[in-house]
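**Student:** Make the full structure from the sequences, and use the hints.
Residue numbers (the numbering used here), protein chains in the order written: chain A, 40 to 349; chain B, 40 to 349; chain C, 258 to 509; chain D, 258 to 509.
Read the hints as simulated data drawn from the structure, not as lab findings. Remember, predicted model here, so these are calculated numbers, not experimental data. Be a bit skeptical, because a hint or two may be false.
[As the list claims (entries may be wrong)] Cross-link-like lysine-lysine pairs, in silico, DSS-like; alpha carbons within 30 Å at most: (1) C:Lys386 / B:Lys99; (2) C:Lys470 / A:Lys315; (3) B:Lys343 / C:Lys470; (4) B:Lys99 / B:Lys199; (5) A:Lys99 / D:Lys378; (6) B:Lys99 / C:Lys470; (7) A:Lys199 / D:Lys507; (8) C:Lys348 / D:Lys348; (9) A:Lys315 / D:Lys348; (10) D:Lys263 / B:Lys214; (11) D:Lys263 / B:Lys315.
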Amino acid sequence: QERLAEFEARIRRGEKIEPGDWMPEEYRRQLIRMISQHAHSEVVGMLPEGAWITRAPTLKRKMILVAKVQDEAGHGQYLYHAAETLGISREAMLEALLSGKAKYSSIFNYPTLTWADIGTIGWLVDGAAIKNQTMLAQCSYGPYSRAMVRICAEETFHHKQGKEMVLLYAQGTPKQRAMAQDAINRWWWPALMMLGPHDKDSPNTEVLVRWGIKTKTNDQVRQEFINEHAPEILAAGLSIPDPELRYDEKSGNWLHGPINWDEFWQVVSGNGPMNKERLEARRRAHAEGAWVREALEAYAAKQKKAAVAV
Amino acid sequence: QERLAEFEARIRRGEKIEPGDWMPEEYRRQLIRMISQHAHSEVVGMLPEGAWITRAPTLKRKMILVAKVQDEAGHGQYLYHAAETLGISREAMLEALLSGKAKYSSIFNYPTLTWADIGTIGWLVDGAAIKNQTMLAQCSYGPYSRAMVRICAEETFHHKQGKEMVLLYAQGTPKQRAMAQDAINRWWWPALMMLGPHDKDSPNTEVLVRWGIKTKTNDQVRQEFINEHAPEILAAGLSIPDPELRYDEKSGNWLHGPINWDEFWQVVSGNGPMNKERLEARRRAHAEGAWVREALEAYAAKQKKAAVAV
Amino acid sequence: MKPSVKDALIAKLTALGDDELILAHRNSEWVGHGPILEEDIALANIVQDELGHATLWYGLRKELDGSDPDQLAFFRDANEYRCCELVELPKGDWAFTMLRQYLFDLYEALWLEAAQHSAYKPLAEAAQKIIREERFHLQHTRAWVERLGLGTEESNRRLQQALNFQWGYAQQLFVPIPGEELLVAEGIVPELGPIRERWLELVTRHLQNADLKLPINPGYQPTSRAYHTEHLWSILAEMQSTARWEPEAKVW
Amino acid sequence: MKPSVKDALIAKLTALGDDELILAHRNSEWVGHGPILEEDIALANIVQDELGHATLWYGLRKELDGSDPDQLAFFRDANEYRCCELVELPKGDWAFTMLRQYLFDLYEALWLEAAQHSAYKPLAEAAQKIIREERFHLQHTRAWVERLGLGTEESNRRLQQALNFQWGYAQQLFVPIPGEELLVAEGIVPELGPIRERWLELVTRHLQNADLKLPINPGYQPTSRAYHTEHLWSILAEMQSTARWEPEAKVW
Chain A
40 QERLAEFEAR
50 IRRGEKIEPG
60 DWMPEEYRRQ
70 LIRMISQHAH
80 SEVVGMLPEG
90 AWITRAPTLK
100 RKMILVAKVQ
110 DEAGHGQYLY
120 HAAETLGISR
130 EAMLEALLSG
140 KAKYSSIFNY
150 PTLTWADIGT
160 IGWLVDGAAI
170 KNQTMLAQCS
180 YGPYSRAMVR
190 ICAEETFHHK
200 QGKEMVLLYA
210 QGTPKQRAMA
220 QDAINRWWWP
230 ALMMLGPHDK
240 DSPNTEVLVR
250 WGIKTKTNDQ
260 VRQEFINEHA
270 PEILAAGLSI
280 PDPELRYDEK
290 SGNWLHGPIN
300 WDEFWQVVSG
310 NGPMNKERLE
320 ARRRAHAEGA
330 WVREALEAYA
340 AKQKKAAVAV
Chain B
40 QERLAEFEAR
50 IRRGEKIEPG
60 DWMPEEYRRQ
70 LIRMISQHAH
80 SEVVGMLPEG
90 AWITRAPTLK
100 RKMILVAKVQ
110 DEAGHGQYLY
120 HAAETLGISR
130 EAMLEALLSG
140 KAKYSSIFNY
150 PTLTWADIGT
160 IGWLVDGAAI
170 KNQTMLAQCS
180 YGPYSRAMVR
190 ICAEETFHHK
200 QGKEMVLLYA
210 QGTPKQRAMA
220 QDAINRWWWP
230 ALMMLGPHDK
240 DSPNTEVLVR
250 WGIKTKTNDQ
260 VRQEFINEHA
270 PEILAAGLSI
280 PDPELRYDEK
290 SGNWLHGPIN
300 WDEFWQVVSG
310 NGPMNKERLE
320 ARRRAHAEGA
330 WVREALEAYA
340 AKQKKAAVAV
Chain C
258 MKPSVKDALI
268 AKLTALGDDE
278 LILAHRNSEW
288 VGHGPILEED
298 IALANIVQDE
308 LGHATLWYGL
318 RKELDGSDPD
328 QLAFFRDANE
338 YRCCELVELP
348 KGDWAFTMLR
358 QYLFDLYEAL
368 WLEAAQHSAY
378 KPLAEAAQKI
388 IREERFHLQH
398 TRAWVERLGL
408 GTEESNRRLQ
418 QALNFQWGYA
428 QQLFVPIPGE
438 ELLVAEGIVP
448 ELGPIRERWL
458 ELVTRHLQNA
468 DLKLPINPGY
478 QPTSRAYHTE
488 HLWSILAEMQ
498 STARWEPEAK
508 VW
Chain D
258 MKPSVKDALI
268 AKLTALGDDE
278 LILAHRNSEW
288 VGHGPILEED
298 IALANIVQDE
308 LGHATLWYGL
318 RKELDGSDPD
328 QLAFFRDANE
338 YRCCELVELP
348 KGDWAFTMLR
358 QYLFDLYEAL
368 WLEAAQHSAY
378 KPLAEAAQKI
388 IREERFHLQH
398 TRAWVERLGL
408 GTEESNRRLQ
418 QALNFQWGYA
428 QQLFVPIPGE
438 ELLVAEGIVP
448 ELGPIRERWL
458 ELVTRHLQNA
468 DLKLPINPGY
478 QPTSRAYHTE
488 HLWSILAEMQ
498 STARWEPEAK
508 VW
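**Tutor:** Here's what the structure looks like:
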């Protein structure tokens, strides 16, 4: 009780909690859940974009895309490390992902159907992620906060590249324009949804805010995202697939129409267009890599033995 | 000795030898070798053409190609049956193919690189095969002879379709013409070689002719092939990659330049462009089909048991 | 025919043709790689029939709007295709291919049976023409489902895995296209609801007899033929590569 | 530069660029599917470097004949490509990919080392620029060959199988292109003979230390970059699909 009071006081003073420090079990549990979900999202997120490396239309775009997907793998790596500081192993986290127990961002359960999806994911999906991550960079847990600072910097770069692509295609040939519009049509709503349910349907929010893990609610972050992106999309001459979207002079906000939460919960509970294929791809990679990991272990063991013998 | 004399007399009289009849071991051995090689050639021959079913340029061509490859599978089936009448099992023959012990026609160790290869294979490769098969339809062993009659009829159809395609492309756009010429350039020599080494280098020929398995030598069959196809290719406005090729007024034959037998023997002994990939593809299909064949057996056994129980 | 009905019929014929063409593509990937030579032959047969059906449906569309079947097949982009997602899925193992084929064949056989009475005569005739082929396929794939389901533990496991994966996708076969209600009202195509009921009944019985369990959670059920899997782009890149390599060609 | 030398140099730069581009394509198929997350990162790194090298070689060609690198990559047909067959082979398992990469990296590192002294300054500078990256790749793939060779029976078996398959193909790396002797005579590119000798020596030693046997029969050894495997058509169908989907695009 006393310890909890002290812990909450530290958080109120804006101190960071570090791995060795005392923390409530629930704080640890929530962080493990969030960080590992976040890590899984980076790893699963490699799939929808990675599939287009082989089909990028120029050498430069191909190179940029490989670099981006590589960054995602790197983010996965930092985040697994950050979660490990809370006493869970990477194996345990992977196991939870492959068994379907752990979640990852619902957005990666939508398919990438054309090259314009690559630009749109960079612009909208990374754009939404950044809003969330900027908030999490303020988080009370030191390792997560520091990982977020680093990740945010790279994501900002991806966001810029994605936006540049979509704007370019919006000015391009009729086929390019149509492709860009189609991508916006398909990704707009999923991007809004990926920021999570409305505050009233988000039971964890209160405790997360109190412990300084989150500093804003889902709806606040979503509003920031819309306020930035809606006017930019419209300015590019593209439309947004929300007939009720409008600018509210009073609040200075862009107000959106009702979100199809039924679709959101379907996707979260495993029934999105790509849930099966994504998990299947991860499982296959893991299973087909088993002999490689065994060989590495056997090799390392032999090396160790040889070293001892000398 | 007496039996051998009687056997050879039957052959001289033009009688067919049938499965139950007495035959010299060497006759049986040579036939098993030839028929199983021929069967394997049909089965392996499905691969170079089959790969283009997914890329055929029209619905009609796609359908024709599937039908053709299906015919090849069917030929493989008859021929395995014909060989089985000589007392060898299909499993034993497949085993010999997959282990690399049994041969198949060297021609299928060349790659199919463009769609024009499909036409060219039909015209030149099936054209060469038909010359050989027409001769074998006269063969002294009944089941082989009858299989050849049936196969020849179908091959003649493939040959016609192949020729029609190449002639069409030779009259087509510049890209189509170039594609057709490139295919002729690549397949001409392998087609000549597939009819086997010169008579002087073909140790089996003599006994095969004596026993009525072959009624013509390799060089005779090759000459027939060239005499038919060379003028047709030239008439189509295509060239033949043999600078020494010329018509000999005296004999009425088209005489060809020296054949690169070194290449032929390389391919026969396993070093052709596609030997490894072809065998690998067959092995993979066989290995990946193992659980299916096991399931079939298990199912059949259960059905039998159930039938007995009733 | 009213223009709205004609448009709906064109769209329906396109969807019918696209299903057959893409399924034929996936099946043709097996040719030369089957588990038994006899199955190479049987599957090549199915592929030919499917290509024949695609040609027939596109041909009926041609009668309505003059569009060339080869142009439809080889010069249309992925976002203009109207196949269901089930047929786009990679061929997988033999259990995956046979199960998909069974689920599709039964749907098609039931649909054709009903479509024989179409008020649009060319469609009725086409259905009468191809129903026999379809019954033959069905017999073949139905038998395979039984054999694999009741074969070994391994074959049952693989078939069950395929079923878990495909079940949700298969439901898209019964999602009407936009405007299909107009065609139903005119008696041009059969209503999908009753076909689905019959299909469910037969499939359930056959799968259960083959020791398989219908998945409790069917997973994703696609609701529009305007969207596709990530595979369709690659399928078409391959399928259209020769035709698009020389678009100037007058004849192939 | 004499026109014949210039033509040969253009052809050589094309071959160099094509090898890198197609190898990068095959490696990029692993991204997101690697056996360990760290290897996804490492391989993505190699892919980027290879794409960088391809861009560099095509760029040098551009200085000579003004051809656009993206046009070369995305609008050239398979029969105009001049990559070796080794880089076209499907990615296979991890042993296949790592072995190919090792055989290629060592060849490339040795070639670049010698090419640093090219009489053609842009080429010498390019070689100096990228040799460090290449040494880093080599270190990485060299280590993998050792680990897999000395790891488990399974990993040794797989690596040996990859070696048996690739050995003949790898020899094509040392087949000069038509006219290469002109470039060697002018000191523009290094002679391949001595590079091959050094390569053979190092490869043999490293493979033997990793418990592998050089195949007695190397199998097919391609002798001309004008011919390709059956895979190249499909690689390009996929790789060029977006660019060719909208050839009117001014910018991507």
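**Student:** Which of the listed hints are broken here?
**Tutor:** Of the numbered hints, 6, 11 do not hold.
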